[in-house]
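**Q** Residue numbers (the numbering used here), protein chains in the order written: chain A, 1 to 328; chain B, 1 to 576.
FYI, nobody ran anything at the bench for these hints, they're computed from the structure. Treat the hints loosely; a few may be bogus.
Simulated restraints, written as ranges between beta carbons of each label pair [unchecked claim]:
{"id": "1", "chain 1": "A", "residue 1": "238", "chain 2": "B", "residue 2": "496", "range": "27 to 33 Å"}
{"id": "2", "chain 1": "B", "residue 1": "63", "chain 2": "A", "residue 2": "222", "range": "53 to 59 Å"}
{"id": "3", "chain 1": "A", "residue 1": "301", "chain 2": "B", "residue 2": "549", "range": "38 to 44 Å"}
{"id": "4", "chain 1": "A", "residue 1": "1", "chain 2": "B", "residue 2": "496", "range": "32 to 38 Å"}
{"id": "5", "chain 1": "A", "residue 1": "26", "chain 2": "B", "residue 2": "85", "range": "32 to 38 Å"}
{"id": "6", "chain 1": "B", "residue 1": "130", "chain 2": "A", "residue 2": "161", "range": "43 to 49 Å"}
Glycine is no exception: its CB is placed at the ideal position from the N, C-alpha and C atoms.
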Amino acid sequence: MNITKAGYHGILLPDLNIGFDYSGTETQYTFISHAHADHMPRGKATHVYCTPNTHDLMRKRGFKGKADRLHFGETLTTDKARITLYPAGHILGSAMVFVESDDGNILYTGDYRTPPSPASEGFSLPEKSVDHFITEATFSLPIYKWDSHEVLGKEIRTFAIQSLEEGYTPVFLAYNLGKAQEVMHMLAPAQLPVQIHGAGYKLCDIYEQAGIDLGNYAPYDRQSCKGKVLITTNSAINNGFASNVRKKKLAYCSGWATREATRSQLTVHKLIPLSDHLDFFELINLCKKLRPQKVYITHTPNASVVQHYLDEAGIASRFLDLEMEEDD
Amino acid sequence: MTDFNNSFQKLAETAQHIAESRSINRKIAICAKYFKSIDRDSNLNLAAQFLAEGAFSNLSGKRATVGSRTYSTCAANFCEIDYEKVFKPCKTALGSSSEAIEKLMHNIEAAREKRSPQKLSLADIVAIYENIAAVSSRDDKQAILRSAWKKMTPVEIKYFIRVMTRGSLRIGFESKSVVAALAQAFDKGVEAVRYAHMITGSIGRTAVLCKNNQLDEASFNLFHPLSFMLASPIESRAVENLGHYVAEEKFDGMRTQVHLSGNQVEIYSRDLNEITHSFPEIVTFFVSRNLPNLVLDGEVCVYKDEEILPFQLLQKRMGRKRPSQKIQQKYPVLFIAYDVLFYEDRPIFEKTLIERRQLLQKVSESSRLPITNQFEVTDEDSIEELFDQALAHGNEGLVLKKKKSTYEYGQRRKSWLKVKKPGGTLDTVIMYAHAGSGKRGGYYSDFTLGIRVAEDERYEEEFIPIGKAYGGYTDEEMKRLNKRIKELTVEKYGPTLGLIPEVVVELEFDDIQVNKRTKANYTLRLPRFKAIRWELGPEDTDSLKEVERLYDEKINRDRLKQDENPSFYFASKSPD
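The following block holds chain A by itself, in its conformation from the complex (with noise of 0.2 Å):
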């Protein structure tokens, strides 16, 4: 099997004429597997397929290229190859794209987690035999393992109650397409007011549609963030977001919450290692599980690691270096 990379952003199954997560016009079929800007397309040369979640999604971040929607399960067929998307569990609409052909089946995992975030449409595998696994492996030391989701859940809420009774504002760091879903939704049965960042107001309302609950909120107003319950982004809270309030606690969620020294980096009071990435030990089983014939590493600044428990497994690997955002 012929897989390449397109530079730094993309690959490519040339024979297949197929991309992913591919930003150029070489291919006919390209799968977009997610909405976050390092996976979209750039530009709007390109013709993509992607779930209806990831099309309203990326619409609402500015993406004007043509998109054709594919649902979960749903097979397109081509004069070379079957490709069906299967839920990655990362954020909501985030797919992987499974592709039967002649040559063996490849699994492209874009950004995935299994077990999957609370705030997306599951995860599952195909049935079928993988021969080729593309995989993501963000968090590839074992360093990182995280938490269960009702554990982390519960983390969250108390933070949240606790940061009021004694007097602050909580504000919650995480990423606003995904991360942030996934804060309010945990935070949904608490039932406090939630006011968030207007990049990610705007994409709240395809998560309700979806079914997802994100609890009692509102768009950020400076006016009257006192006392409410606050998500945005790392780099807004240094940009004045809820400036005037000055009794604050601020919470980074997020995979690399794991690292000590984020605590004195991002000065914030809490780390809460919630991750949209599986854990190291997470993808050494799936692939344990799945023993395809090749695994294909993207995604991180450790694929030695995983290589060499793989090689230890008996599983053939190869690092694709694809750039990555530590935005998690």
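Please arrange chain B on chain A, whose structure you already have, making use of the hints.
**A** Relative to chain A, chain B alone:
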């Protein structure tokens, strides 16, 4: 089974809790509450010591020396992971071996299966440190570590390592804060606790004195070195009234403290290590002088033919157990005193500089002890003039001392101000980038700088390292630098990246020293970024020849003899 309040687990949890709190008052309150919860004196002693000093009391002189490679390979083994292929990337990602070990101990099943936490007491932990200090081979140390870790939780293991290695606990809580927490826990004044800490030299003993209302029993003992009073750079401190200060020349020597009682003499370095054996002629000087009991603060310099010679020559005398006659003759040293901290039977650091100076003069007159010359300063111009004179003497600059100040041991405030000139600058190129640790974890923040030897027939390389710098740039510059580094990386050795030499840094330093163990034969003292010169290329950097020229210039320059307006005097030659 230990009572939880006296367990190491509780100490580790408290340390973690302190780490996770942002305000210093909150940290102090957490620590104070912890100190109050401990019942026995011996446990309180250990708790304070572990948080502020390390495995052993500073007074004990004992150390549990375990290098990072020793405990890291031991941990990799314990977790059944490959040290090079797995442990090192984990350490690099976190910027901390001990944090990596904590997480691996928690996450990896093979490690979890081996551990069954036993709630070890603080005394159990000391016993383990004692065992480690008693063995010397890496295998023996690792065997002790392995069996200890089997009885600990991951957070205990992290702090066990940090206490053992005497580095910072990395919880934003240094010994000053531990002092504040003791004061709060036992309702004492911070100054009283700090004083007791200083003169007992032991935070553990101070804690016990606090708890038992015995702070006044703390007394200063001769032959226990006292932390030195330090000078702040003048540019960072506004001087309100120059008339309140006197000036002394800042010697290009080594700061030392001399303790004297009868014929017993001990000499201590700035890091409070005893270095008496390196300077027999100073000991000889004090013996049989019939002086009262004394503690003196001053500087050791190489002094020959009425000239103070550069620090580089003093280095030939440092670290020698027994300097030969020949070395002593070639590099004769002199102890020049500038302060007295203990006189006859009591410490006098609460007296003013003027009062202490009178006693120092008295000592000098009866013994010919050399003491610094003090100069009155009136305005900026007089400082300028004195500064030039100090440089002409081969000294580093001036120290301005407030006449009415007490001896603020261990403090760096504005009672003493130093006036110094940077040694110089060199245009260098970044050769290697090293992953930062602690606050800079996740970034490349330390850099090895190279000097050009491309046209130098003695070398095959284009550049060779001249120094390592890890400061002097802004956060923004560091981020830009990290981006550029990505593009220039050609090799990776664990946490270190080998780079194409492209980025030029104007490097500022205090001094140049000969160091035969380096490729360049020279090292820079206190190298730091002055500016990143994005506009320059590697061909614009300075060559090793320039380093050699600067060094020769410094060593061979003319020095004003100590005959007129001297930097110091022997009392009999007193200009007064």
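**Q** Compare the structure with each hint and give your call.
**A** The hints, checked one at a time:
Remark: the range hint 27 to 33 Å for residue 238 of chain A to residue 496 of chain B is upheld by a beta-carbon distance near 31 Å. For residue 63 of chain B paired with residue 222 of chain A, a C-beta distance near 55 Å keeps the hint of 53 to 59 Å intact. Look at residue 301 of chain A against residue 549 of chain B: about 43 Å separates their beta carbons, and that is inside 38 to 44 Å. About 36 Å separates the C-beta atoms of residue 1 of chain A and residue 496 of chain B, a value consistent with the hinted range of 32 to 38 Å.
Range check, residue 26 of chain A to residue 85 of chain B: Cβ separation about 36 Å, and the 32 to 38 Å hint holds. The hint said 43 to 49 Å for the Cβ distance between residue 130 of chain B and residue 161 of chain A, and at roughly 46 Å that hint holds.
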